[in-house]
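When you get a sec, could you build the whole thing from the sequences and use the hints?
Residue numbers (my numbering), protein chains in the order written: chain A, 852 to 1152; chain B, 852 to 1152.
There may be inaccurate statements among the hints.
Below, a list of computed lysine-lysine pairs in the DSS-like style, where the Cα atoms sit at most 25 Å apart [said to hold, decoys possible]:
id, chain 1, residue 1, chain 2, residue 2
1, B, Lys1148, A, Lys1040
2, B, Lys1148, A, Lys1064
3, B, Lys1102, A, Lys1148
4, A, Lys1148, B, Lys1040
5, B, Lys1010, A, Lys1148
6, B, Lys1135, A, Lys1066
7, A, Lys920, A, Lys959
8, A, Lys907, A, Lys874
9, A, Lys959, A, Lys925
10, B, Lys920, B, Lys985
11, A, Lys1066, B, Lys1064
12, B, Lys1037, B, Lys1010
13, A, Lys1135, B, Lys925
14, B, Lys1102, A, Lys1066
15, A, Lys1137, B, Lys1135
16, B, Lys925, A, Lys1148
17, B, Lys1064, A, Lys1037
18, B, Lys1148, A, Lys1102
19, B, Lys1064, A, Lys1148
Covered by chain B, per the in silico footprint, the following chain A stretches (three or more residues, Cβ under 8 Å) [to be verified]:
id, stretch
20, 1034 to 1041
21, 1049 to 1059
22, 1063 to 1071
23, 1076 to 1082
24, 1140 to 1150
No wet-lab data here; the hints were simulated from the structure.
Quick reminder that beta carbons are idealized off the backbone N, C-alpha and C, glycines included.
Protein chains: 2
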Amino acid sequence: MKKILVIGSVALDTITTPTGSSKEVLGGSATYFSISASFFTQVNLVATVGRDFPDKHRSLIRSFGVDIKGLEAKEGRTFRWEGSYVDDLNCAKTIETQLNVFADFRPKIPEGYKNSRFIFLANIDPDLQLFILKQFKDNRFIGCDSMNYWIQNKGPALKRLMKKATFVFLNDAEARLFSGESNIMKAGKYLLSLGPRFAIIKRGEYGAMLFSKDKALLLTPAYLLETVCDPTGAGDTFAGGFMGYLARSEKIDDMTVRRALLHGSVMASFTVEDFSVNRFLKLKKKDIERRYDSFRKLTMA
Amino acid sequence: MKKILVIGSVALDTITTPTGSSKEVLGGSATYFSISASFFTQVNLVATVGRDFPDKHRSLIRSFGVDIKGLEAKEGRTFRWEGSYVDDLNCAKTIETQLNVFADFRPKIPEGYKNSRFIFLANIDPDLQLFILKQFKDNRFIGCDSMNYWIQNKGPALKRLMKKATFVFLNDAEARLFSGESNIMKAGKYLLSLGPRFAIIKRGEYGAMLFSKDKALLLTPAYLLETVCDPTGAGDTFAGGFMGYLARSEKIDDMTVRRALLHGSVMASFTVEDFSVNRFLKLKKKDIERRYDSFRKLTMA
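What follows is the structure, given as structure tokens:
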């Protein structure tokens, strides 16, 4: 079993959606990624929280078999995010961001984590992502995420990062912004031109695209749900399912990467069915297999 | 070979897109549908034009083997539409609509056309669509399209029409409006509840969805293009490829309808590559097969 290491945020989220709302619930990119990937392989987590971080959340993450030695508790308050999807389920409106202890996040990777074959650098400052990468030997499979803010303010660092990445995950608006191309095919080719082996463009309820070797490799719709409760964390859950599936696979070729994309979509389709990571509490491996099978059937002609 | 009959508009379009513009070129729902379907089967066309309709356009439609006995020339000017996609390639902004002779369109179906097994009722007044249907015996495969205007102003007639339809084609905004459901899965189920055997929801650059027997049957992305020149007619071209493929098939079951959806998408992907129906002038059947194969590969995991 190859281990995955994720470096990102563990947060307390307050969220309003058309379905309801939830206050100070467990969130953060590293939380969603690690729990999603834990259904496929062993996961190590590196993040920082404040002294106010509830023990029950720590236990919850650990209950999925995630190793949280790298979850450092520091003096101060935990990162908090408040968002609303009332106007548009596809796009969160940020009401408030309190970085708190996350503002000074300078992760030191525990020695025992340094052998991880797969590393996911969740959305943080690309200079920090590059700093983290230096702590590893080459020959790792690196996944990285980013966001509009870094694209606009740290483009050169982000390009250096992508050169070192195996998998780049961006949503379509980010890919268009970064590439300056409104056509999504051209945007995908641009991402590949920066050096990663695969570029994955996420399109929310419209699915995802996988690019490799200067061409599109797979286009998938999203799994169709009748009720979307809370889209928070869908992107990180997707990345967790994608990299978790690959970490479990014997090799990384076009076919396994295609299947990984479907597994990422399936995991994302579960997480949006409930607030926070609640859906995973009752999720079984056979539920994943069943939805994967029905998803494949739904996309095959 | 089972013949298809299409009843709709033949128009002169003036179009501006980010790529360029074209003035008074051949357009109209029946034009796009019939030429697209002509690559699969024989097509009969019923529409009306004015005395100003150029002979070269008549010859062009006929050059695809489309029977235009039903293309009536009346005193007055041809239907004209002017639109722009400069702000959004996914959505036309109408600059001007001149119905002209199309305002009094009361089609009489030529006797020789009445044996058509497949009938496509393009987007016109649903009362008129119902009036046309009365001229046929039962046991036909009926496809129908509509638009926001009829949904808002002739909902009851549209519901009566859908009850008689085999295939309903709407785009996602129309399906949401008609059903009152923002969730597209629920919108699809609503359409099926009105009585058609299959409901097809078109999502432009995001692909299409096929619903049958109260469930989703197929989700497809759109074929990925690096350059979209002019999206006009993509929906009717899609319907033409879909119904043309089925008319050529021996039976209509879930599998053939799935494949029909992919063929519809492939035909739509060709038409948007050029203005008007220009792309079809140099299209070969083997181009269709080649793109269909590459599209299937792009969507299979």
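Outcome of the hint check:
no.	hint	verdict
1	B/Lys1148 to A/Lys1040	holds, 18 Å
2	B/Lys1148 to A/Lys1064	holds, 16 Å
3	B/Lys1102 to A/Lys1148	holds, 21 Å
4	A/Lys1148 to B/Lys1040	holds, 18 Å
5	B/Lys1010 to A/Lys1148	violated, 30 Å
6	B/Lys1135 to A/Lys1066	holds, 24 Å
7	A/Lys920 to A/Lys959	holds, 11 Å
8	A/Lys907 to A/Lys874	holds, 15 Å
9	A/Lys959 to A/Lys925	holds, 13 Å
10	B/Lys920 to B/Lys985	holds, 20 Å
11	A/Lys1066 to B/Lys1064	violated, 37 Å
12	B/Lys1037 to B/Lys1010	holds, 17 Å
13	A/Lys1135 to B/Lys925	violated, 67 Å
14	B/Lys1102 to A/Lys1066	violated, 36 Å
15	A/Lys1137 to B/Lys1135	violated, 46 Å
16	B/Lys925 to A/Lys1148	violated, 50 Å
17	B/Lys1064 to A/Lys1037	violated, 38 Å
18	B/Lys1148 to A/Lys1102	holds, 21 Å
19	B/Lys1064 to A/Lys1148	holds, 16 Å
20	1034 to 1041	holds (count 4)
21	1049 to 1059	holds (count 4)
22	1063 to 1071	holds (count 5)
23	1076 to 1082	holds (count 4)
24	1140 to 1150	holds (count 3)
The earlier numbered hints that this structure contradicts are 5, 11, 13, 14, 15, 16 and 17.
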